[in-house]
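**Q** Can you build the whole structure from these sequences, using the hints too?
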Amino acid sequence: MLPWLGFELRVALRFLREGRMQTLLIIVGVAAGVAVVAYISALISGLQGSTLTKTLGAQAHITLRALDDAVTPARQPDGSLTLTETQPRVQRLRSVANWQALLPLLEQMDAIAAVSPMVSGSGLALRGEATQAIALMGVELDRYDRIVGLRSKVVSGTARLDPGEAILGRDLAADLGVRVGDRVTLQTTVGGRSVSDAVRVTALVDLGVRDLNRRTVIVPLRAAQSLLGLPGGATVLDMTLKDVWTASELAQELRQRYPYKVESWQENNAQLVSALNAQSVSTALIRGVVMVVVVLGIASVLVVSVVQKRREIGILRAMGATRGQVLRIFLLQGAVVGAIGSALGIVLAVVLIWLFTHFVRGSDGLPLFSITLPLATALKVAGIATVCGVLAAIAPARRAAAMDPAQAIRL
Amino acid sequence: MSASDLLIELDNVRKSYNMGQPNEAEVLHGLDLNVARGDFMALIGPSGSGKSTLLNIVGLLERMNSGRYVLQGEEVQALDDGGLTLRRRSTLGFVFQFHHLLPAFSAVENVTLPVLMAEGRISSRHEQHARELLAAVGLSRAMDKRPSELSGGMQQRVAIARALVMNPALVLADEPTGNLDTASSDEVFALLRSIHAERGTSFIVVTHDPRLAARCDRTVELVDGRIARDEVKKA
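So the protein lines, in turn, are chains A and B. Here our numbering is used: position 164 in the first sequence is 164, and no number is missing along the way. Here our numbering is used: position 83 in the second sequence is 494, and no number is missing along the way.
Some hints here could point you the wrong way.
To be verified - Pairwise CB distance ranges, derived in the manner of DEER restraints:
{"no.": "1", "chain 1": "B", "residue 1": "Asp492", "chain 2": "A", "residue 2": "Leu379", "range": "21 to 29 Å"}
{"no.": "2", "chain 1": "B", "residue 1": "His440", "chain 2": "A", "residue 2": "Ala402", "range": "28 to 36 Å"}
{"no.": "3", "chain 1": "B", "residue 1": "Asp492", "chain 2": "A", "residue 2": "Lys380", "range": "47 to 55 Å"}
{"no.": "4", "chain 1": "B", "residue 1": "Ser559", "chain 2": "A", "residue 2": "Val28", "range": "49 to 57 Å"}
{"no.": "5", "chain 1": "A", "residue 1": "Val28", "chain 2": "B", "residue 2": "Ala594", "range": "43 to 51 Å"}
{"no.": "6", "chain 1": "B", "residue 1": "Val634", "chain 2": "A", "residue 2": "Val292", "range": "28 to 36 Å"}
{"no.": "7", "chain 1": "A", "residue 1": "His358", "chain 2": "B", "residue 2": "Arg532", "range": "24 to 32 Å"}
Unchecked claim - Once the Cα atoms are required to be at most 25 Å apart in a straight line, the calculated SDA-like pairs of lysine to any residue come out as:
{"no.": "8", "chain 1": "B", "residue 1": "Lys556", "chain 2": "A", "residue 2": "Arg310"}
{"no.": "9", "chain 1": "B", "residue 1": "Lys556", "chain 2": "A", "residue 2": "Gly6"}
{"no.": "10", "chain 1": "B", "residue 1": "Lys556", "chain 2": "A", "residue 2": "Lys380"}
{"no.": "11", "chain 1": "B", "residue 1": "Lys556", "chain 2": "A", "residue 2": "Val292"}
{"no.": "12", "chain 1": "B", "residue 1": "Lys556", "chain 2": "A", "residue 2": "Gly19"}
{"no.": "13", "chain 1": "B", "residue 1": "Lys556", "chain 2": "A", "residue 2": "Glu85"}
{"no.": "14", "chain 1": "B", "residue 1": "Lys556", "chain 2": "A", "residue 2": "Arg14"}
{"no.": "15", "chain 1": "A", "residue 1": "Lys380", "chain 2": "A", "residue 2": "Arg310"}
FYI, nobody ran anything at the bench for these hints, they're computed from the structure. Heads up, the beta-carbon is just placed ideally off N, CA and C, and yes, glycines get one too.
**A** Put into structure tokens, the structure is as follows:
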């Protein structure tokens, strides 16, 4: 034990032990507060993580496309009328210029984990008399797998994209009555001319969104280039980042650096981002209010303790305790109550998380989403609560230290 | 009496409460008092005469408004709170009427508290010293008991042992027997006298009991904040 805290710590612990019921109540209060904060942090973090995984599981963090075609009025001679309203141009399918040169540059950037070129467009899938509108995507399987984890989404067959092969969304296959190994005809229109190709289905995938499962057909990049009339082209470069939250800044940087249309997942999912932000703000508010309640709880108990122990404080001062020593006795009481309450609160939070994981299940019988309490979060919450305990003790401790010993003894 | 024999010199000490307010009251009116090393002094007087105020000023628990206070050759009126606290810790011991032990600590822990606050830890030597003091005041069998398990007289003995643990030059006792029955009162007073005889510690004992005052070497009577009588018993 540190010599300079031996006296203070011993008196602080005895004072806490003496007021057993008060101490117990406030420790339970701190534990409840810490448990709520830790549990809500873990819950919201799990919920947001799950939402993000589901949302970003089927899309890139950043997409890079060719700039939209825009009407640019010809320069008019002075005195002529300028038309301010123009008819927007029809956006045709266009390739990202020089994408083959751009791809390695993007791959070299530290923040980017993977880049995948894609040719995408619309078309039809035909089988017998059935016809379905499709979103045709041409990719290099290994690269695309690193963007959306395609192989992990396979529900039937084996993900493979050799020439003449395709991967279909699960619901589209059901609509067409197709199974793995069956053939499907893909049809597109290029410059008013119909182009078609027959492909064999190697796998069915569940992309997590029913609409995508109904429309998605994934074929090799070259096949899509032929079907969509973009030989050697790529309509979009998909990127996955090491940290999803850097997408906006990186997209902005890429926009400034290159003449392309660059969009982050946040821009493409603005409502989701707003909802997540609102959730984070609400969580922070709840945590703040709970911590304020904890601080007030500790402070009120210590204020009462100071009043109850006036005589003891007076006698300690008469015996030679300095104001600083009296101050530290009460600060230590706040710290001890905060630390013990934090430890119990973290245990309680772990129990709550276990209960949630084991008893709250979705309609499929599986846990809604995974919740864990990382050690760093637990230590952070416990540390903050302990600091709050010390902060709560400041006012009562100052009051105790300022006490006039002669008056305190007389009372 | 030479200056080195003097433990305390008070010159023209004045103390008022509620200063600057309509109910301002001066309790001590220019009081002069010297206490020599080895004095065993009774401080008597009617209620409201200023005994406790004088004891608090001598004990560095209250500040006087004017005057001069020399403790062991050092003027203390200009010291800050920290300075007064350290001198209180090293020079003075207190025994109060209501014992004022800390209920959460055992008898021996109460006695070692001043050591703990001074040193930050209690060595086995300190604990041995505390146990010897408790044995000397007749509490060999009650050392590890809490105050609530002790009688009033026993608690006062613990308080006396605690007052002595830092070997103070002066013990200030405010009605040390005021809360005890006659038998316990006599025992406690006899104990103070024996400590004085053995250690040479100076005592100022505030008391209302003329019987006890008569057993002190010197009697100072306060009336209305002034010394009405200062009598030294002839040997």
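**Q** Compare the structure with each hint and give your call.
**A** Cross-check of the supplied hints:
1. B/Asp492 / A/Leu379: 21 to 29 Å: For B/Asp492 and A/Leu379 the Cβ distance comes to about 39 Å; the hint is violated.
2. B/His440 / A/Ala402: 28 to 36 Å: The hint (28 to 36 Å, Cβ to Cβ) holds, given that B/His440 and A/Ala402 are roughly 29 Å apart.
3. B/Asp492 / A/Lys380: 47 to 55 Å: At 39 Å between Cβs, range violated.
4. B/Ser559 / A/Val28: 49 to 57 Å: Between B/Ser559 and A/Val28, where Cβ atoms are some 27 Å apart, the hint is violated.
5. A/Val28 / B/Ala594: 43 to 51 Å: About 48 Å separates the Cβ atoms of A/Val28 and B/Ala594, which means 43 to 51 Å holds.
6. B/Val634 / A/Val292: 28 to 36 Å: violated (57 Å)
7. A/His358 / B/Arg532: 24 to 32 Å: Cβ of A/His358 to Cβ of B/Arg532: about 49 Å, so the range 24 to 32 Å is violated.
8. B/Lys556 / A/Arg310: holds (23 Å)
9. B/Lys556 / A/Gly6: Within the cut-off at roughly 22 Å; holds.
10. B/Lys556 / A/Lys380: violated (42 Å)
11. B/Lys556 / A/Val292: Violated, at roughly 41 Å.
12. B/Lys556 / A/Gly19: holds (19 Å)
13. B/Lys556 / A/Glu85: violated (97 Å)
14. B/Lys556 / A/Arg14: Measuring from Cα to Cα gives roughly 15 Å; hence the hint holds.
15. A/Lys380 / A/Arg310: Given that 25 Å is the threshold and the Cα spacing comes to 35 Å, the pair is violated.
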